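Going down the list, the protein sequences come from chains A and B.
Here the first sequence is numbered in this note's numbering, starting from 1 and rising by one per residue.
Here the second sequence is numbered in this note's numbering, starting from 1 and rising by one per residue.
All the given hints hold, so there is nothing to weed out.
Straight-line distance between alpha carbons at most 30 Å, and here's what the computed DSS-like set of lysine-lysine pairs gives:
#1 A/Lys63 x B/Lys257
#2 A/Lys66 x A/Lys183
#3 A/Lys45 x B/Lys156
#4 A/Lys229 x A/Lys183
#5 A/Lys66 x B/Lys156
#6 A/Lys66 x B/Lys257
#7 A/Lys139 x A/Lys45
#8 A/Lys229 x A/Lys184
#9 B/Lys257 x A/Lys139
#10 A/Lys14 x B/Lys156
If the Cβ cut is set under 10 Å, some of the chain B residues that face chain A in the computed set are:
#11 Gln93
#12 Asn98
#13 Pro234
#14 Ser235
#15 Leu241
#16 Ala244
#17 Ala246
#18 Val251
#19 Val253
Hints in this document: simulated from the structure, not taken from any laboratory.
What you are looking at is a predicted structure, and each value in this text was computed from that prediction instead of being measured.
Don't be surprised by glycine CBs; every beta carbon is placed ideally from N, CA and C.
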Amino acid sequence: MYQASHLSYRVREKILLHDVSLAIAPGQFTAVVGPNGAGKSTLLKTMALEYAGYHGDIVINGKSAKAYSPRELSFVRAVLPQSTTVQFAFTVEQIVALGRHGYRSSRKENEAIVDEVMALTGTDVFRERSYLTLSGGEKQRVQLARVLVQVWEETLYPRYMLLDEPTSSLDIAQQQHIFSLAKKVCERNIGVMAIVHDLNQAVLFADHLYFLRDGKLVASGSAHDVFTKSIIEETFCCRVNVYRDPCNNCPYIIPEREVFAPSPSLVIEK
Amino acid sequence: MNLILATRDYRTTLILTGLSFCLITATLFSLSVGAVSIPVKDVAVILLQKLGLFRSVTVEGMHEIVLSSIRLPRIIMTVLIGASLGVSGSALQALFRNPLVEPSLIGVSGGSASAVVMVIVFGSALPLPVNGWLYHSLLQLVAFGGGMLATFIVLKLSSQMGKTNIAILILTGVALNALAGAVIGLAIFYADENQLRTFTFWTLGDLGGATWDKLTFAAPLLVTACAGLLFFAPSLNLFSLGEAEAYHTGVNVESTKRRIIIFAALAVGISVSLSGIIGFVGLVVPHVIRVSFHSDNRLVLPASVLGGALLLVLADVIARTVVSPSELPIGVVTALVGAPFFIGLLMNAKRKHEL
Chain A
1 MYQASHLSYR VREKILLHDV SLAIAPGQFT AVVGPNGAGK STLLKTMALE
51 YAGYHGDIVI NGKSAKAYSP RELSFVRAVL PQSTTVQFAF TVEQIVALGR
101 HGYRSSRKEN EAIVDEVMAL TGTDVFRERS YLTLSGGEKQ RVQLARVLVQ
151 VWEETLYPRY MLLDEPTSSL DIAQQQHIFS LAKKVCERNI GVMAIVHDLN
201 QAVLFADHLY FLRDGKLVAS GSAHDVFTKS IIEETFCCRV NVYRDPCNNC
251 PYIIPEREVF APSPSLVIEK
Chain B
1 MNLILATRDY RTTLILTGLS FCLITATLFS LSVGAVSIPV KDVAVILLQK
51 LGLFRSVTVE GMHEIVLSSI RLPRIIMTVL IGASLGVSGS ALQALFRNPL
101 VEPSLIGVSG GSASAVVMVI VFGSALPLPV NGWLYHSLLQ LVAFGGGMLA
151 TFIVLKLSSQ MGKTNIAILI LTGVALNALA GAVIGLAIFY ADENQLRTFT
201 FWTLGDLGGA TWDKLTFAAP LLVTACAGLL FFAPSLNLFS LGEAEAYHTG
251 VNVESTKRRI IIFAALAVGI SVSLSGIIGF VGLVVPHVIR VSFHSDNRLV
301 LPASVLGGAL LLVLADVIAR TVVSPSELPI GVVTALVGAP FFIGLLMNAK
351 RKHEL
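Bound-form chain A, shown alone (with noise of 0.2 Å):
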């Protein structure tokens, strides 16, 4: 279990996480999602432990995060920011094989694990051409590639990966494919937290969902209780309608035309 409870953040006199408590389960879909601007990013850094100044606990498979030195932590999490970006010319191989370092296994064992996940990501058809030649999606690939890497060699111990807005940017075809993988790569003891603008993805994929507003959480809940038209209109502040799919049971929602609290004007003209 990745545990965060009572996180509180602030920068100067701004709040951007109040209270906020999250859990990621091995095996499981976390999906985080919220309006721009709730702290989605903010709470990711901060399970990350990328900032120091937090207030609240996070407990990472029984032991405080405070505890894990930057090389243990790196074993148990890895994470995917939001955007990368490389200044040098690498290869795509190179900087799939960087999730590797802090490990001190053989070369052997590094390349094996490299290989497997650039072939399951589709990354390997482009392996020796420079990482500054690859369109959006392919980086996005390639860097999702590199988190993997670092978490994939199975362990005693669950790992988890954070996903900081892992498919801005891509179109649906490529969204598809980098949630599928992430969902996919749940079976092998790994817990997945990201965060996920489009809704409808969201519940497809996730097993658990966060709602979070002004950097408090509104809900959260397994996936499909907690998808409903008031708890989406009360994060988002906008209208929305929740449907059913037929087939497979999953709800989905469509937005409304007409805003949330349409200005008083608005009204006298109507």
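Given the coordinates of chain A, work out where chain B should sit on it, guided by the hints.
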């Protein structure tokens, strides 16, 4: 797959061997040319005799003296300084995540030089015999301190939300260089005739002052600094993804950063205390290596050690021979090559909208 990686490792070895071979050739050539021309064969024989071989072969006594008391310390110093500037340039570029970073450009060399000049001019108040080993090691210590201070200032001022703001970085470098120039100028203003002559030395570099005395302290320090930086090559690869990413992948970012800066400041500071500011070596060498081969720092760093030494040895040959028997300041030669190169880099960065 195994084959591909094996080939790549084989390629790295091949590149490093090739560079070593070029460096040895250039070194022998450099030892043979000068006011007194010594045949390469004799150079080799004298060097081997120093190692206890070929004792039976006789060589001209004058050649031996010129070689062992003038050219040998000079070439060792040149190689060490070139290697230090090359490797610290590539390490700082990787750390700052930018190919435009260079020790003399971002004010590190300036920081070292101004600190040293202050001690030379105002240090006469100290109860130390000038030119003694204690005095030299004090200068080296001061140069190291000045360089480190400058690097930390640049790093602190140019970092913005964990990333380096390149515009601020370059401008901070400009400001620090101006400040260093002012300090050097001020010191020169108060300097006597003899000290005045060393002005060119500090601003344009000079490899002429090499003696075994100076090297006894400096050489081990430079070797340590270079070896220390090489040790961080794998971590520097992660820095090129970003500091946060390096942390997530298991690098202790702050301590690694600090150590790299200390080693780089040591390499640059000691070099500056020996030869003054020699610009552009740390800029050109790593870039050429990245463009010709690839950007993996496990190649770039060791290759910069060899490439930096090679470049400076060649530049020194040019500086010593074109206006013989006089010699050009070494910085003139490196700047003549480096400045157009730097403009080319800037234009390239502009085209890619990296600035």
